[in-house]
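Using the hints, put the two chains back together into the complex; each one sits in its own frame.
Each chain is listed here by its residues.
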Amino acid sequence: MANGVAAEAAAPLPATRRRSTRRRFVRRKSWIAFLMALPLIALIGALVVYPAFYSLYLAMLNKGMEHFVGLGNFSFLFRRDLFWMVVKQSVIFAVSAVIFKALIGFVVAHFVHNIPAKGQRKWRGMLLVPWVIPPAMSTLAWFWLFDPSYSAFNWVLSRIGLHGVPWLGDPLWARFSVILVNVWYGAPFFLIMYLAALKSVPEQLYEAAAIDGANWWQKIWYVTLPMMRNIIAITVLFSLIVTFANFDIVRILTNGGPIDQTHVFATWAFQLGIEGGDLPLGACVSLFMFPILGVAAYFILRDINRRGNEA
Amino acid sequence: MSAVLERPRTASLRRERRWALIWSYVFLVLFAVLFLTPPLYMLVTSLKTSAEISAVTLPWWVFHPTLENYFGLFDSEAYRTFFRNSLVVSLSVVAITMVISILAAFSLSRMRFWGSATLATGVFLTYLIPETLLFIPLFKIFAFVQDWTGIEMMNHWWVLIIVYPTLTVPFCTWIMIGYFASIPKELDEAALIDGASYFQVLTRIFLPVALPGVIAATIFAFTVSWADFLYPMAFTTSVDQMVLPAGIVTTLIKGDVYNWGQIMTAALLGAAPPLLIYAFLMDYYIAGLTAGATKG
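So the sequences go chain by chain: A and B.
Heads up: the first sequence runs through residues -17 to 293, numbered per this note's numbering.
Heads up: the second sequence runs through residues 16 to 311, numbered per this note's numbering.
Fair warning: there could be bad hints in the mix.
[Said to hold, decoys possible] A partial selection of chain A residues facing chain B, derived with a Cβ cut-off under 7 angstroms:
#, residue
1, Pro21
2, Leu25
3, Ile26
4, Pro33
FYI, nobody ran anything at the bench for these hints, they're computed from the structure.
Glycine included, every Cβ here is placed at the ideal spot set by N, Cα and C.
Chain B extracted, bound-state conformation (with noise of 0.2 angstroms):
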């Protein structure tokens, strides 16, 4: 600093340290406090009763908390139907995702055939092309099957289980066309040399060698279809065929009238199934996020 404290040079080189560790530290509670702030004040709000909500306190603290608007809720006969039917569409989903991608992954990423090389590609791309893109012909595609059919296609919770694996089953095929190629060639050859056939291969091998891969697309395919908010906007109307996010956003405002102790409630508890999963298996969560960029 100056020629009075003569310090050696690995004196100063730890205060650098320690100062950059200071800092590092002050920015990241500053970001922390950014990034929670919008959930907590969810949090704070639905403890709240209407008459705190609207009146001229500190809206940062809860002075009087109660649960009442979680009662409301749980009592409340719309939003009940809205969380089952999102439960059923995304496991429903979560299944189908997982049957489609693994078998199409381990044929893509072991077997091969005639253009099985530009097909990877192609699941890659597709997984680019988002479904703004897509919602209006799916629209009028599905005016057509009712007419063809006379299957109503329109306004069914249902519907989301066929439109909502074109948004996982791309990246979940990613995703494991990347854990399967991991696996060593000679495990497989040495099993069909064994006589295992090639779906004995893919449940006795790929899969427990590929758990973490299959756990991080399952994670992936449950968010994706859980957080889903312009498909169910487009496709359902009424209130015993909506899922959460649709439902909370189109039913729980009315007009100009705003509850939103119940609002933030809803909302809170919608975001609660992902951020549990989240919660406990936060590696795996992170391997699917990352995966995607890393071993593209």
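Bound-form chain A, shown alone (with noise of 0.2 angstroms):
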């Protein structure tokens, strides 16, 4: 590649001069760039890929880290219910959390199409809101709404008729709270991404759609999710990831409870690990997080490909 541009700029100088000058200024343009390529891969080299590969070693040796115990901490997992039932819930976590997202996102971004264009800066920006909001901030807030005596939302059920909701006191429903708020501050960013996407489809194909007799569903199901397949895999499958691995939510509303029925990969980790003092068994249950990582890595790295293969 450097070669072909190096080319073509030094195309006119006489033969055999040109060669060697050519060479030594490709090699120092190259030295030049691998070095201003340095701080990152130093960073990433010392602060990503090494611990990723160093966790796969702590995850092998015992409680104090003295001696080495293999697949031991895996196997002490595998024998434990509350291992399968944080397995469970991280699955139930995310990938109904993401659904939902991408549901809301989804027709939300129709609306806000909709309407006249003039008024769609407002909404958009108003209905971006959560996802600015650091989320450790946000989830205090919905930690005094669920609050068991003050809640504000049990207050309007009260007003309505209805029986006050143990958000996080039970089970059930401290898993629907923690569903919730993450859909809460993640719908937002599916939005401003499938707002785009619609933005993108040219309108064309939806007149050239209506004058065949589509109604709004075939619309929708032949022009514009075709249009869109990309861009909805590819937040999908971030948003999975993101949310497969996150602490925030979970730590502040139930950090895990009531009885652990709520924990996630991340927060039983930080549980096991860095309050329980276990390091190694934190870093075994963290490690339950690669297997998704890599199916998602895979189809990103596919589409990188094959677009590249496009262009």
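Structure below.
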């Protein structure tokens, strides 16, 4: 690649001298390029790649980190019911939250897209606010809204004659609540992505569909969705990773409770590793986020390569 | 509708469109209420006295607004420390991130070297590795470094300046690669022929042309480092070393005694810097958000 660029630039020089100067030029240029990328390589190497591999090793030590226990930590985890509960809860949490985020984002994006263009900015601005507030802060507000004795939601419910809900006290409701907060936080991201994608669908396609007699559902199914397929795939994949690895919301709302029923990988790993002082076991738990990452990475890489070939 | 009202087709289409519009507004209002309830409730609670909070009245309204929670926080030594730490950490992280990612993006998008294409893809993949996978090994690695060098890594706010760039640099580099790649090659080739150095090409041509990208990346780096919660929870423990999110959560909530007015005020003030940036630079903010997916 570098050769090609340099060859074009150096074309009009005489043949013999050209080659050595060009080669020197190319080499010097790629050295400068390498030096400029060096801080990035050092940062990623030392603080991302190395820790990621180190955690593989760490997960195979005993609690005191003195000797190697092989897959001992893993087999210990597999024998615990709580571990399988956390696996199940992480999957339920991530999958249902992502589905609702995507659905709400898709629907609301259509509403924003429907209204006259000059009002769209204002609505978009308002609807993105949940995404802008740091999640730790907004989760505190939710925590207060879910408060067992002063819950403002329960106040409303009791006014319309319903019973108050134990938002965080009952395992099922607590699971619902953490998902609800995650959906609230993440849906605006989907909204913005899908709105941008909707704007890029050519209007003629809809006109053609209308002439062919398509109703609104057929327009969505045969025009919008195929046109947005890529962006939907990417956002869902991204969000799946981020939601799977979520820490803030569960940690603040329930800290895994009641009776550990809402733990996800990240919060449980934190509790075991940092608070419980068993770093290898914590590392072991967090390693279970790898499979989903691998799958996502595979699809994303495939997407990047395919686009590279198209261009 | 019925045979009695024979209307021309255009009229029914127009009516259909008006109904679609009305329904859109109805649902938009509904969702806006849903989306804005927590932040508004933060604001409402922050203006209440403790007595009003625990009284059995309408929770959604303030009857006796007061700023005492705000003054209480400004007086609180701990909160001022959190805010200062957050500010110093975030600004340093933004500076470090922008230097690293602009240099790297320039080199990866224009100059190329052996393995640079792989590195560009790799950068994107590291963006996908969540911090929740890294905090435990990092915890142990910091302990080693402390043993080897004698530098105490644990429980210092500056350690966040070292780890936060891992959250910001990959995405910012990715944004900048996208913006730099869209600059026509002729522009920098002309400058190089005129005798400009690479550094001049970067500062005189690339940065001014890709300024929107630089702003978007800066905003991203700031909001991410301002909002992070896991690393400060894992690496800092004492009150004078904490940043805002972790500080509010760990110190203001003491056992079962919650001073909700104060907590909501603290959270609202903590959310204020990103909200202000968003209010003034919304278009850049959104450009940064969508760049990752549309340019990737």
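### Query
Against chain B, with CB atoms and a cut of 7 angstroms, does the hint on A/Pro21 hold up?
With a minimum Cβ separation of about 4 angstroms from chain B (threshold 7 angstroms), the hint on A/Pro21 holds.
### Query
Measuring from the C-beta of A/Ile26 to each C-beta in chain B, is the shortest one below 7 angstroms?
holds, 5 angstroms
#### Entry: Closest C-beta approach of A/Pro33 to chain B relative to 7 angstroms, hint status
holds, 4 angstroms
### Query
Holds or violated: A/Leu25 as interface residue toward chain B, Cβ cutoff 7 angstroms?
It holds, given that the least Cβ distance between A/Leu25 and chain B is near 6 angstroms, below 7 angstroms.
Hint violations for this structure: none, all hints satisfied.
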